[in-house]
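Could you build all of it, start to finish, from the sequences and the hints given here?
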Amino acid sequence: MATASISLRDVGRTFGATRALAGVDLDLKPGVTGLLGPNGAGKTTLLRLLATALPPSQGQLSVLGLDPEVPAERTGIRRQLGYLPQEIGFPRGFTAFAFVDYIALLKEWTQPAARHAEVRRVLDLVGLSDLGTKRIRAMSGGQRRRVALAQALLGSPRVLILDEPTTGVDPEQRVTLRTVLAEIARTSIVVLSTHQTEDVAALCERVIVLDRGRVRYDGPVTELTGQAAGRVWLADEPDPAAKVSWRTGTGRYRNVGGRVRDGVEHVEPSLEDAYLLLRGGSPEPETTQEVAS
Amino acid sequence: MTAWHLDDDALRRYVERTDSLAEGASAEQHLMACEPCRARVNTTVTAAASRVEHSTVEHSTVEHSTVERSVTELSMTERSVIDFAAVWERTRDAIEVPRPSVFERLLRGAGLPAQEARLVAVASAFRGVWLTGVVAVLAFAALAAAVGHARGMWLFLSVAPVVPCLVVASSYDPWMDPALEPELVTPYPMLRLILLRTIAVLALALPAVLVSGLFIPGETAFAWLLPAVGFVAVVLAASTWFSPLRSAVVVSSGWLAVIWLLAFRISSPDAVLQAPAQAAFLALAAASFSVFLVRRRRLHQLRPWR
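For the protein sequence lines, the chains are A and B, in the order given. Residue numbers for the first sequence follow the numbering used here, so the first one is 1 and each next one is one higher. Residue numbers for the second sequence follow the numbering used here, so the first one is 1 and each next one is one higher.
Keep in mind the hints are simulated off the structure, nothing from the lab. It should be emphasised that the depicted structure is a prediction, and the values quoted were computed from it without experimental measurement. There are no misleading hints in this set.
Per the computed footprint, the stretches of chain B lying under chain A, defined by three or more beta-carbons under 8 Å from a beta-carbon of chain A, are:
#, region
1, 88-97
2, 107-121
FRET-style restraints, in silico, Cβ to Cβ:
#, chain 1, residue 1, chain 2, residue 2, range
3, A, 133, B, 293, 39 to 49 Å
4, A, 38, B, 277, 55 to 65 Å
5, B, 38, A, 135, 39 to 49 Å
C-beta: ideal position from N, C-alpha, C; glycine also.
Below, the structure is given as structure tokens:
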């Protein structure tokens, strides 16, 4: 089987007069790629394009060597795709098992025995094997999110698109999900958007930062973090020149960016520090129109 | 030692797991106590495994994995006379697999395959909205019968045709179908899903027509069918541009306005019931459905109104 790949060339998407994405060039290979960016940066639009839920307004998009604009090829992509949307609802009265079983039916799992085994497998992966018969309406937000994630994992897809998969999920389960996703990413392309920089730091070898519909950074997580080296320090007072400053649990102030003074205590930068520096320290992109995600 | 033994067919069904839960449990109870039958299990397993290995297998992932699992299961059975894994699987199925709803059983009874029936019955619209619509039609039919011939018919005609198009719109509007986005990116054709739900609505509306025919004199009880089909087709076509529910609301409001206007201008609804008007509704249905089919590509991706 050929190595999975996704390619975007000058891809853009507009909604009427609103430009959500512009001039995006990306090549994605197996592994976990994290997507960071503020609200309205175009993350959800980009993920919808990759999931074939939306067509691009301009540019060339190829998923697994197939063109999503061609109906037969789009179906071919969808056979190898798992997608977790940012917002997902559930039919009234459904249990976790019933919902995942329903999506499995749509994913062409026609043999009942094989389908039920697969549903159990993915519910087990997300830690819900004991809650298959529980009604989704009676579940917590984190449990519902895991049900939604389970449907995306059906059939071990070669392309897994996850829009904020860990929202509402407790820390223990997040660690479990990281393990699951890391295993899948050995052979599949996993793209996830999140506001949790620690998830990206822990899981992704590559990070893409979007801002106002454009790619602001695309590269290794370590390289982005490295850009903040020497620009994060602790002091007894907040530094007015710092890009961001906040009081930590020890009572000292963590200052990110700005003018570094002598005698301050430098600390190891986190991905969040680097992201904040990138967001706050770079010139505004050329996009002039208002954008929506 | 027991006096009777499992016959060959029962043993084969047990080994191949094609027996029912009760039958399987009964066979296992017997095997616990009967050594000769336990010995026959091994022979049957070998024969079944041989059949599986020599069967022609299409190289789809699902079917391939099914065969692999069958062989694995059979091997497990060889090691352990009682296949606890199989029993456990069946027990879990009995607990976890949802039982078909009344509505789903109704669809199966109407001849829809089990898989299709499940896909149709899942729509939230069918879990209350459809029932509300049918009750509304019946209520208006009864009211129409009570208030007299002409006024009653106007009343009935104003409501009956809009109910199917509202229910059809509800069956795939994102507002009513919150799982639309993950449904959309599956290989299952959205066009097929929408048409299945549409046909199910229309087919299930027929009993309401028949019952309402008991209350409404003349042909009125059936005269709303063509307008209804026409409006459903308009909603399908319009939903390639706008939200299905919004389209249905506009169509329904338009129809209500026309009916009330006609009711004030002409006393008898015969004009609506006669052949030219019915033919016009048929033409509307055909034209709208053609537009829907031409623009069906738009159904496979999120539309701007999403």
